[in-house]
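Trainee: Here's the letter readout for the chains.
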Amino acid sequence: MDDAVIAVALVLVAACATVAVATRDPARQALVLSVLGVVLAVLFTVLQAPDVGLSQLAVGSALTPLLLLLTVRKVRRRGQREESGR
Amino acid sequence: MSPRTRLWLVAVGGAGVAALLVAACLGLPAFGGDHHPYGDRAVEASLAHRTANTIASVNFDQRAFDTLGELTILFAAVLGCVALLRQTRDEHRARPEPAEVAPPVRRYALLVLPVALLTGLYVIAHGQLSPGGGFQGGVAAATALHLLYLGADYRALERVRPVGLYEVGDGVAVCAYLVTGIAALLGGAAFLANTLLPHGTFNTLSSGGTVPLLNAAVGMEVACAVVVLLARFLDQAVEIEEESGT
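Chains as they are written, first to last, in our numbering: chain D, 1 to 86; chain U, 87 to 332.
Next up, chain D with everything else stripped away, as it sits in the complex (with noise of 0.2 Å):
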C-alpha cells in the first residue's frame, strides 16, 4: 500500500517537472511550478519528511512562483514601454 503511493507521488512528480521544462512561457512556467511544488510536498509528506515537505510548499509552492511572476511583470513593463517609446 505504501509503495503504492510513493510510486503514484513519484509518477506525479516526473509528469509535473516535464510539463514544468515543456512550458515555454514564463508565466504559465510560474503557475506550473507552484503545482509541482505541491506534488513534491505530498512526495516528502509520504516519505515521512514532513517538514521538508513543509519548507517545499512554503517556498515552492508560493515565494519562488511569485518572484518569478514579478520577475515577468518588470520585464514585460519595460518592454511595453520600448515600444510605445518608438
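Do not take every clue at face value.
List of simulated lysine to aspartate or glutamate pairs, EDC-like, C-alpha gap at most 16 Å [claimed, not checked]: (1) Lys74/D - Asp152/U; (2) Lys74/D - Glu177/U; (3) Lys74/D - Asp120/U; (4) Lys74/D - Asp321/U; (5) Lys74/D - Asp2/D; (6) Lys74/D - Glu329/U; (7) Lys74/D - Glu328/U.
Read the hints as simulated data drawn from the structure, not as lab findings. In this text the structure is predicted, and so the values were computed from the model without any measurement.
With chain D fixed as given, assemble chain U onto it according to the hints.
Mentor: The following block gives chain U in isolation, referenced to the frame of chain D:
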C-alpha cells in the same frame, strides 16, 4: 582548445562523475529499510534534551552551527538583492494607481490572510514540538502578509509593511542567534551548545532549552528576509520606472 577536444574533456569528466555516482548509489542502504543508524542516534540525542521534534533538535541543537551558516546565506542573499534592486539614478518612482479587485478575490484574500498569518506564527511557535519551525513558519507568515496586495492594492500593503523596520528586524534576528551562541560560550560550554537553559518538561512549549529561542530567531529572520525580498521585487515590478530616453 578545439571544440572537439573540449567535447572529449566534457565526456570524460561526465563519465567519471556518473561512475562515481553509480558507485555511491550502490553503497547506499536499501530504500525504506528499518535500520537507520544516524536517525536512531539523532532521536536519542534529541530525547536527552527533551525536544519532541527531532528535526528541530538536529537544526537548532545538534547542528546549530550549520543553521547559523544557512542563516548567514539567506542574510547575504537578501543583502545582495537589496543592493542590486535599489533605485538607480536613471530611474524614478511612479505611484501605482489604485487597482480594481474582483469582489470574490478580495473576499477570499481578506478571509485567508488572518488564517495564513496565524498558521505561520503557530508553525514558528511549535517548531520544537511538531513538524515545521522558524523557516517554514517565517515564509508562510511573510507571504500571508502579501495577500493584502491581492485583496486590496499595493498602497494598502505598503501601509502595513514599513520595509525599513523589517530590514532592522532581519539584522536583529541574526544578532539574536549569534548572541545566544556566545551566551553558551560565556557559560563555559561550546559555541551554540544547548546548556544555557533548563531543558524543561518533554512536549511542552518551553521544552528543549535554547531550541525555542534559536527557532524564534530563525523565524523572525526568515519572515523579515522574505518581506524585504518581496518588497524589493514588488518595487521593481510595480513602482520603479526607467527614465524615458534611456
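Trainee: All hints, please: hold or fail.
Mentor: Structure-based check of each hint:
1. Taken as a hint, the Lys74/D and Asp152/U pair is broken in the structure, with Cα atoms around 36 Å apart against an allowance of 16 Å.
2. Between Lys74/D and Glu177/U, the direct Cα distance comes to roughly 13 Å. Compliance with the 16 Å bound is thereby established for this hinted pair.
3. For the proposed pair Lys74/D and Asp120/U, the alpha carbon gap of about 51 Å is over 16 Å, so the pair is violated.
4. Taking the CA atoms of Lys74/D and Asp321/U, the gap is near 9 Å; set against the 16 Å cutoff, the hint holds.
5. Between the alpha carbons of Lys74/D and Asp2/D the distance comes to roughly 45 Å, so the proposed pair goes past 16 Å and is violated.
6. Between Lys74/D and Glu329/U, the direct Cα distance comes to roughly 15 Å. Compliance with the 16 Å bound is thereby established for this hinted pair.
7. About 11 Å separates the Cα atoms of Lys74/D and Glu328/U, which keeps this hinted pair within 16 Å; it holds.
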